[in-house]
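Chemist: Turn these sequences into a full structure, and let the hints guide you.
Residue numbers (our numbering), protein chains in the order written: chain U, 5 to 397; chain W, 197 to 341.
No lab work stands behind these hints, which were simulated from the structure alone. There could be a bad hint or two in this list.
Here chain U is said to cover these stretches of chain W; the calculated rule only asks that three of the stretch's residues, wherever they fall, bring their Cβ under 8 Å from a Cβ of chain U [to be verified]: (1) 217-228; (2) 232-239.
Below are the DSS-like pairs computed for lysine-lysine, each with C-alpha atoms no more than 25 Å apart in a straight line [stated by the list, open to error]: (3) Lys-114(U) to Lys-221(U); (4) Lys-392(U) to Lys-228(W); (5) Lys-228(W) to Lys-344(U); (6) Lys-317(W) to Lys-391(U).
Some chain U residues well away from chain W (every beta-carbon gap over 10 Å; in silico) [as the list claims (entries may be wrong)]: (7) Arg-99; (8) Pro-160; (9) Gln-163; (10) Glu-393.
For glycine and all other residues, C-beta sits at the position ideal for the given N, C-alpha and C.
Chain by chain, the residues:
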Amino acid sequence: MIYLDNAATTKTAPEVVEAMLPYFTEMYGNPSTIYSLGSESKKAVNSARRILAESIGAKMEEIYFTAGGSESDNWAIKAAAEAYCAKGKHIIVSRIEHHAVLHTCEYLEKRGFEVTYLEVDRDGMVDPETLRKAIRPDTILISIMFANNEIGTIEPIAQLGQIAHENGILFHTDAVQAYGQLPIRVDEMNIDMLSASGHKLNGPKGIGFLYIRTGVKIGSFVHGGAQERRRRAGTENVPGIVGLGAAAKRAMERMESKTETEIALRDYLIGRLEREIPYCRLNGHRTRRLPNNVNVSFDYIEGESMLIMLDMKGICASSGSACTSGSLDPSHVLLAIGLKHEQAHGSLRITLSEENTREEMDIVVDELKQIVQRLRDMSPLYEDFIKKEKAKD
Amino acid sequence: MYSEKVMDHFQNPRNVGEIENASGVGTVGNAKCGDIMRMFLDIDENGVIRDVKFKTFGCGAAVATSSMATELVKGKTIDQAMQVTNKAVMEALDGLPPVKVHCSLLAEEAIHAALWDYAQKQGIEIEGLKKPKADISEEEPEENY
Numbered sequence: 005m006i007y008l009d010n011a012a013t014t015k016t017a018p019e020v021v022e023a024m025l026p027y028f029t030e031m032y033g034n035p036s037t038i039y040s041l042g043s044e045s046k047k048a049v050n051s052a053r054r055i056l057a058e059s060i061g062a063k064m065e066e067i068y069f070t071a072g073g074s075e076s077d078n079w080a081i082k083a084a085a086e087a088y089c090a091k092g093k094h095i096i097v098s099r100i101e102h103h104a105v106l107h108t109c110e111y112l113e114k115r116g117f118e119v120t121y122l123e124v125d126r127d128g129m130v131d132p133e134t135l136r137k138a139i140r141p142d143t144i145l146i147s148i149m150f151a152n153n154e155i156g157t158i159e160p161i162a163q164l165g166q167i168a169h170e171n172g173i174l175f176h177t178d179a180v181q182a183y184g185q186l187p188i189r190v191d192e193m194n195i196d197m198l199s200a201s202g203h204k205l206n207g208p209k210g211i212g213f214l215y216i217r218t219g220v221k222i223g224s225f226v227h228g229g230a231q232e233r234r235r236r237a238g239t240e241n242v243p244g245i246v247g248l249g250a251a252a253k254r255a256m257e258r259m260e261s262k263t264e265t266e267i268a269l270r271d272y273l274i275g276r277l278e279r280e281i282p283y284c285r286l287n288g289h290r291t292r293r294l295p296n297n298v299n300v301s302f303d304y305i306e307g308e309s310m311l312i313m314l315d316m317k318g319i320c321a322s323s324g325s326a327c328t329s330g331s332l333d334p335s336h337v338l339l340a341i342g343l344k345h346e347q348a349h350g351s352l353r354i355t356l357s358e359e360n361t362r363e364e365m366d367i368v369v370d371e372l373k374q375i376v377q378r379l380r381d382m383s384p385l386y387e388d389f390i391k392k393e394k395a396k397d
Numbered sequence: 197m198y199s200e201k202v203m204d205h206f207q208n209p210r211n212v213g214e215i216e217n218a219s220g221v222g223t224v225g226n227a228k229c230g231d232i233m234r235m236f237l238d239i240d241e242n243g244v245i246r247d248v249k250f251k252t253f254g255c256g257a258a259v260a261t262s263s264m265a266t267e268l269v270k271g272k273t274i275d276q277a278m279q280v281t282n283k284a285v286m287e288a289l290d291g292l293p294p295v296k297v298h299c300s301l302l303a304e305e306a307i308h309a310a311l312w313d314y315a316q317k318q319g320i321e322i323e324g325l326k327k328p329k330a331d332i333s334e335e336e337p338e339e340n341y
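Modeler: Structural data, given as structure tokens:
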């Protein structure tokens, strides 16, 4: 098997699993208890919290554990809306946010909030000037993702955050794809809230965190016990938290070498695809791009068919086609960067890990060449295109 | 998510291709929702479908339903082909996931569209056949699922 869907999820690293295991059967105490078994758990939770805080230049008490990226996004946006609604009811996000942000905004729109969805350019970049112009006196929150999950484009977060702060507006970023892949410093980058998830960086699923800057007065999202400084009730997912800490530590230590390996593979793969498969375009920014992200559209073919054929060759990837999203519309991100519907349907996302090899990239290109040709041979759109080309001669 | 039969027809689609100077050609679906089917019919003087070919842009289910639909109408009379419904296509494939049922409707429409084209060319009327609803040549076609 060649696994190329690391933006969907990653393999939990063996050392992460090993770090977690004792917290299931040996040190299973509830961190809120008084006896020493519970204190062991509490120590482990705080040690993970320290790792996470250091990894983004934050303070320990600014890290709140959640069940993952979606919860963090929901919490940040809904709680900020609630806390600051006396000041105004206007929120700004980009068109290419994750659904955890977009659907939360739609939820708020039904409850009297107004949301501006910023357009992006053909590479998926948010223009800081567009943001500046969208700001109103009643804007209370700006939320722009650190890097896009589909096309890998890295947004100018520090600049966008600066504009937010110049206007006294709270700035949240969904860093689910970026955290562990890119260096993040919340102070230098003017970030007030940041969402991250464990399973994107070789950590376990079902665990993530929300960074909330001291002084940001958002309320609790899950009510109950006094865990997480009374802001997120529920007995801590201790093994998950330990796993997230171990995964973050591991990701930070090897970020430089991992990035180097992945960029080399990424650019090699993009180069071969562009050179060897006709009517293929790269989606997303060529250089301001996540090290592990490749997203291309092949004209005249549909993505799900491509994914099934790749799967039959043991290759796991993903697509922005409607058929893979469970709806009739293709990816909102690909439409936002100006792709036609049929191009969006024909997209392929390959997200690498440092374990992938150049040989695997060669296999993928060789298989794709055949698959794309096979699907084009049965595509009425390709037939029309070829006839038009012939008519030109 | 797909039955073995769907996977078989996706991996080894029957009757892929074009028929030159076909008796009838129909194209249905649109790029917006991601499925386009084109059906070619070769119909002899007795009204028997001698040959049928298809081309499809779409997901696994779209390819499989097109393939199965061609199998079901090949060698049949026009009247028999008119009886090939989306349900018949689905049953022959051992079912489809709920989100893919529209693919089988598209396959039925593709047969009808090709028959409509044939009827137009011949200047005849086929009982029960209506003008195809969806065609990629129309602006913003609406699909009736």
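Chemist: For a quick check of understanding: which of the numbered hints are violated here, in increasing order?
Modeler: none
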